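Construct all of the structure, not just a fragment, from the sequences and the given hints.
The working numbering puts the first residue of the sequence shown at 1, with every later residue one more than the last.
Be careful, since some hints might not be right.
[To be verified] Mimicking DSBU-like on lysine-lysine, the simulated pairs with C-alpha atoms at most 30 Å apart in a straight line are:
id, residue 1, residue 2
1, K97, K2
2, K97, K158
3, K4, K159
4, K4, K48
5, K97, K159
Since the hints were derived computationally from the structure, they do not count as laboratory data. For clarity, every value in this text was computed on a predicted model and none was experimentally measured.
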Amino acid sequence: MKRKVITFVIILVCFLLESTIFHNLKIATVSPNLLIIVTASFGFMKGKKTGMAVGFISGFFVDLFWGHLMGFNMLLYTVIGYLNGAFERLFYDDDIKLPIGLISASELVYGVITYAFMYMLRGDFNFDIYLSHIILPELVYTILVTLILYQIILHINKKLEAEEQRSASRFV
Numbered sequence: 001m002k003r004k005v006i007t008f009v010i011i012l013v014c015f016l017l018e019s020t021i022f023h024n025l026k027i028a029t030v031s032p033n034l035l036i037i038v039t040a041s042f043g044f045m046k047g048k049k050t051g052m053a054v055g056f057i058s059g060f061f062v063d064l065f066w067g068h069l070m071g072f073n074m075l076l077y078t079v080i081g082y083l084n085g086a087f088e089r090l091f092y093d094d095d096i097k098l099p100i101g102l103i104s105a106s107e108l109v110y111g112v113i114t115y116a117f118m119y120m121l122r123g124d125f126n127f128d129i130y131l132s133h134i135i136l137p138e139l140v141y142t143i144l145v146t147l148i149l150y151q152i153i154l155h156i157n158k159k160l161e162a163e164e165q166r167s168a169s170r171f172v
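Next comes the structure, spelled out in structure tokens:
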């Protein structure tokens, strides 16, 4: 129960940071996607189910406050959480390459799918402009923020796992 509450608080804090502080710290008219970082991180740290749950809640917040179509981001973030959860067996605490790669891929997939469903289907076929002005700058900014935010999430996850192991050993 404690893990679920702390996970929800992390999602909420990242959503608030993304919508307030990072909204005002835009670089090249984009801000980092903190909720992609959180969704992907929990996916490959804790598995498919947790990744999906975190993705669903993150997508719900995005749809509720910024979305044009309710449910689009919920589905997209849920799928991203699930796909990152498939890499749980490859995840090691000390390795930073896998998290950076998966979060980068998640951000790229998010940008391309958002373009395809929100712009291309409306007749806007300027993918090269969208790629160079939105997707790639947001990808770079998200990767830079990942270097800090991922370490915080990893530290919290390690503390929770240690506490869970201590409490489990009391019952054995």
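| message | When the structure is checked against the list of hints, which entries are broken? Sort them ascending. | response | Hint check: nothing fails, all pass.
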